[in-house]
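**Student:** The listed protein sequences correspond, in order, to chains C and E.
Residue numbering for the first sequence follows our numbering, starting at -12 and increasing by one per position.
Residue numbering for the second sequence follows our numbering, starting at 1055 and increasing by one per position.
Treat the hints with caution; some may be incorrect.
Straight line, CA to CA, 30 Å or less: simulated DSS-like cross-link-like pairs of lysine-lysine [claimed, not checked]: (1) E:LYS1096 <-> E:LYS1157; (2) C:LYS17 <-> E:LYS1056; (3) E:LYS1096 <-> E:LYS1110; (4) E:LYS1096 <-> C:LYS0; (5) E:LYS1121 <-> C:LYS39; (6) E:LYS1110 <-> C:LYS0; (7) C:LYS17 <-> C:LYS39; (8) C:LYS17 <-> E:LYS1110; (9) E:LYS1110 <-> C:LYS39; (10) E:LYS1157 <-> E:LYS1110; (11) E:LYS1157 <-> E:LYS1056; (12) E:LYS1121 <-> E:LYS1110; (13) C:LYS0 <-> C:LYS39; (14) E:LYS1121 <-> E:LYS1157; (15) E:LYS1157 <-> C:LYS0; (16) C:LYS17 <-> E:LYS1096; (17) E:LYS1096 <-> E:LYS1056; (18) E:LYS1056 <-> E:LYS1110.
Since the hints were derived computationally from the structure, they do not count as laboratory data.
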Amino acid sequence: DAGVTQSPTHLIKTRGQHVTLRCSPISGHKSVSWYQQVLGQGPQFIFQYYEKEERGRGNFPDRFSARQFPNYSSELNVNALLLGDSALYLCASSWDELDPDTQYFGPGTRLTVL
Amino acid sequence: QKEVEQNSGPLSVPEGAIASLNCTYSDRGSQSFFWYRQYSGKSPELIMSIYSNGDKEDGRFTAQLNKASQYVSLLIRDSQPSDSATYLCAVNNQAGTALIFGKGTTLSVSS
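Isolated chain E (complex conformation) (with noise of 0.2 Å):
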């Protein structure tokens, strides 16, 4: 059984602050990772996706991927209260038919 592993949180930060949400999976063989934001009641939005080693970039997120220790994350500078949601990380099966999601980690940014 493929899985994605996340702390469900929840985690709380202060508003400014860095918010450092982690993620592990048991699939050596997946090659896509993505980070999704879903707030209450809502679908998942996409956030970041990243394929190699390495730290990649977009705004105020930034994702970080190992695949050698099978851990990707996704750090959140001058966390906001309207990043409060939860965060979940999805990394592709083999055959790049299926996204593998872990629970999802519960973010709260207090102003």
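Chain C with its partners taken away, still in its complex shape (with noise of 0.2 Å):
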């Protein structure tokens, strides 16, 4: 089976750009969460979506915004970009039926805001 998927696997912006990432998760899994990761820091949790609806909010402005669509693949939007917003965005996806706390992770998505 496919692991959680992300793109694009880099990505260049310029403060005040807008930014969206997309995850699909491992196939069965309907839940998704979203981690900021930024150098020498453990990952930071942003959101986490479970059938569409919104069940876990971190501590981030309200410039970041996401959504799951009925297929389980989920995007992130970071508006406004600001220079702190570089970091590696992390897709995590659960919720397999016999275990639904462990979060298995994608490649990462590596964002530069110059």
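Make one complex out of these two single chains by using the hints.
**Tutor:** Rendered as structure tokens:
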């Protein structure tokens, strides 16, 4: 089975621009979570979606938004980019019926804001 | 603010030795605990999950959980140079909607 996929792999934007990151979960998984990881830190939770509904939101500004589609794929949108938004953005899928809490990460999208 | 604390390292061990990684967490409501391995420039890879007090073994890896002490550890037996990576401890929040990560411990295994 394919793992979690994310696109694009790398992205370079300038301050003030908008970015959309995409994620497809593991087949059969119904939940997608988004994390931001800056260099030297652990991943920080942004959002979790389950069955197209937002289940949780981390401490991020309203510039960050997300949605989940009927096929369980997801998009993370960031508006008005700041230099501090430069990070590795990770998508994780979960909600295997037998193990709902375990999250499996995709390869990530490296965002650089200039 | 719920926190997960790890020694940042680096933790250096010779090949074949046991590496011991430790983690403490602040939220007594956490029920699920995870160890991830992250190679430089890559995404986190799940090593083990543990939900009950005690030990859980998987190959060369043993996770230990003590909820009373709010302590989780990971032992790596017969350490190999390929084990050199950053190890992230993660616990779920009470709602089960998010993983809270520590900053990670960098392990270096020398041959």
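**Student:** State for each hint whether it applies.
**Tutor:** Hint check:
1. A C-alpha spacing of about 15 Å is found between E:LYS1096 and E:LYS1157, which places the hinted pair at or below 30 Å, so the restraint holds.
2. The straight-line distance between the Cα atoms of C:LYS17 and E:LYS1056 is roughly 26 Å, inside the 30 Å bound, and the hint therefore holds.
3. For the given pair, E:LYS1096 sits about 26 Å from E:LYS1110 by alpha-carbon distance, which is consistent with the 30 Å threshold.
4. A C-alpha spacing of about 21 Å is found between E:LYS1096 and C:LYS0, which places the hinted pair at or below 30 Å, so the restraint holds.
5. Proximity of E:LYS1121 to C:LYS39 is assessed by CA-CA distance (about 33 Å); at most 30 Å being required, the pair is judged violated.
6. For the given pair, E:LYS1110 sits about 44 Å from C:LYS0 by alpha-carbon distance, which is inconsistent with the 30 Å threshold.
7. A C-alpha spacing of about 9 Å is found between C:LYS17 and C:LYS39, which places the hinted pair at or below 30 Å, so the restraint holds.
8. Pair hint C:LYS17 plus E:LYS1110 holds up; C-alpha atoms about 27 Å apart against a cutoff of 30 Å.
9. The straight-line distance between the Cα atoms of E:LYS1110 and C:LYS39 is roughly 34 Å, outside the 30 Å bound, and the hint therefore fails.
10. Among the hinted pairs, E:LYS1157 with E:LYS1110 is consistent with the structure: their alpha-carbon atoms are about 23 Å apart, no more than 30 Å.
11. Distance check on the hinted pair: E:LYS1157 and E:LYS1056 sit about 13 Å apart at the alpha-carbon level, within 30 Å; holds.
12. Taking the CA atoms of E:LYS1121 and E:LYS1110, the gap is about 14 Å. The hint holds against a cut of 30 Å.
13. Only pairs whose Cα atoms come within 30 Å are accepted, and C:LYS0 paired with C:LYS39 is accepted, the gap being roughly 28 Å.
14. Of the pairs offered as hints, the one joining E:LYS1121 and E:LYS1157 holds, with about 20 Å between alpha carbons and a cut-off of 30 Å not exceeded.
15. Taking the CA atoms of E:LYS1157 and C:LYS0, the gap is about 27 Å. The hint holds against a cut of 30 Å.
16. For the suggested pair C:LYS17 and E:LYS1096, the alpha carbons sit about 24 Å apart, so the restraint of at most 30 Å is met.
17. For the hint linking E:LYS1096 to E:LYS1056, the alpha-carbon distance of about 26 Å falls within 30 Å, and the restraint holds.
18. Of the supplied pair hints, the one linking E:LYS1056 and E:LYS1110 holds, its CA atoms being roughly 25 Å apart against a limit of 30 Å.
Hints 5, 6 and 9 from the list above are not met by this structure, while the remaining hints are.
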